[in-house]
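Novice: So the chains spell out like this:
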Amino acid sequence: MVLHVTGVRKGFGSRQVLRGVGFEARAGQLLGIVGENGAGKTTLLRILSGDLRPDGGRVALVGTRGYCPQHPVLDEELTVRQHLRLFQVAYRLPGPGGALRLIDRLAASSYLDAQVKTLSGGTLQKLNLVLALMHDPDVVLLDEPYQGFDWETYLRFWDLAHKLKSRGRTVIIISHLAHDTERLDVLYHLHDGVLGPPPTTDTA
Amino acid sequence: MSAYLVASRYALLAVAKNRLAAVLLIVFIPVWITVAKTLTTPKTFPFRLRATGTWLRAGGDEITMISGSLNAVSLLLGFLMFSAARRTRAFDRRLTAAGYPRTALIGAKLTTLVVASVLVSAYATAWMLLFWTPLQPVLLGVAVLADCLVYGAMGMFLALFLRGEVEGLVTIIMASIIDLAPQSPVASTTADKPLVEFLPSYGSLQTSLAAGFTRDVTLSPLLHSTAWLTAMTTTALVAFVLRTRVHQPHRLDHDA
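Chains as they are written, first to last, in our numbering: chain X, 2 to 205; chain E, 35 to 290.
Calculated from the structure, these hints are not laboratory results.
Bear in mind the structure is a predicted one, so any value in this text is a computation, not a measurement.
Glycine included, every Cβ here is placed at the ideal spot set by N, Cα and C.
Careful, some of the hints might be misleading.
[What the hints assert, rightly or not] With a straight-line cut-off of 20 Å between C-alpha atoms, the simulated EDC-like cross-links for lysine to aspartate or glutamate are:
1. X:118 x E:199
2. X:164 x X:139
3. E:51 x X:77
[Said to hold, decoys possible] Simulated DEER-style distance windows between Cβ atoms:
4. E:204 x X:93: 41 to 47 Å
5. X:119 x E:94: 38 to 44 Å
6. E:229 x X:14: 36 to 42 Å
7. E:272 x X:108: 40 to 46 Å
[What the hints assert, rightly or not] Footprint (simulated), chain E over chain X, 3 or more residues, beta carbon under 8 Å:
8. 2-9
9. 58-67
10. 90-96
11. 102-113
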């Protein structure tokens, strides 16, 4: 097991968003979390990534994490290559090779020297994703990672996710698309602040 | 290249692309200084320099030029640093969560503040020297630099509370007006209200007036600038450290 989550609770003011979330994930597993808007999916992923502190409960994991936030968190004044350089330093990687291969796999190499503020939504999301994956983390946390992708890039994304899985990485994806579910090993439904099995209509 | 050098280089590159700040630098500073020197009265009148207690005489145009250039550089640096802090707020969180050393990012922010302040103050002082020969030009440059640093730090401080670029710009404009207008020797010839010493530009204005019209190296007012600079920079940096905390997970044994 690489990720063990027990009794995670989180509230904002009087609103309890997570009421005791628990699950486990193994190496080489593709795990999906679905739920209605405002169910707390993003809050849960932010807690798993260390961005938010839970009010209660425990998150335990093995190895490193990579987090792709729902909306691209980038510096609009820098280029794609400058982002890769900064995160190469952050992750203490010896070179940019891995990141450049990912950029290439997502067909974004022609934008390497473009300023982020000039990029389309889909290309921003590609960079957002690459920054989460370039250090080859053990646990990958993706919050609706294909927003803005065209169909071909969407398929490339799933190809990438399955390659990560085959190399023993754990991939946790927040999704709202019913047709993604057949690509996943495990699917949870976040409802009323707890994780449960998906409603039968959501399963493929 | 070290984490500090990479962060500083990119922070300075990003700041250099700030178009509104570039317009303020290229147009606003020379226009303000030129207007103040050419349209206001050259007639001299007496005023008391609060820092030393001595009475001096100076032309209204020269006093207005000093006050106007401090006003212009304070707006520019305040806006520049506010804009940079606001732009990188979420990105800094992501970078530090990924493992970027926070000390390197803090170093880059301070480097940006110092480099931008040195360049802008040298530029504004050079424009003043085109119109006027102060008795101590170097001390005048130091006084303008102090105002740049104080307002740059104020921009970083305001970015903790204000979200929008317009909110920040308007607040900095108002702060600079409320700061400089009541302590100008044109408005306050006797400078007998002790509260003026608490204004952010008090140190810079007193030192500029001493540099312009005396041969005394009057540095004590700059202690007031140092206090403002230290208080606002420290608050901004402590807030940065608190905001970029990452909540580490428990370690799980492989065979758990």
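Novice: Hint by hint, note whether the structure agrees.
Specialist: Results for each hint:
no.	hint	result
1	X:118 x E:199	holds, 17 Å
2	X:164 x X:139	holds, 13 Å
3	E:51 x X:77	holds, 11 Å
4	E:204 x X:93: 41 to 47 Å	holds, 42 Å
5	X:119 x E:94: 38 to 44 Å	violated, 49 Å
6	E:229 x X:14: 36 to 42 Å	holds, 40 Å
7	E:272 x X:108: 40 to 46 Å	holds, 43 Å
8	2-9	holds (count 4)
9	58-67	holds (count 6)
10	90-96	holds (count 4)
11	102-113	violated (count 0)
Checked against the numbered hints given earlier, the structure breaks hints 5 and 11 and satisfies all the rest.
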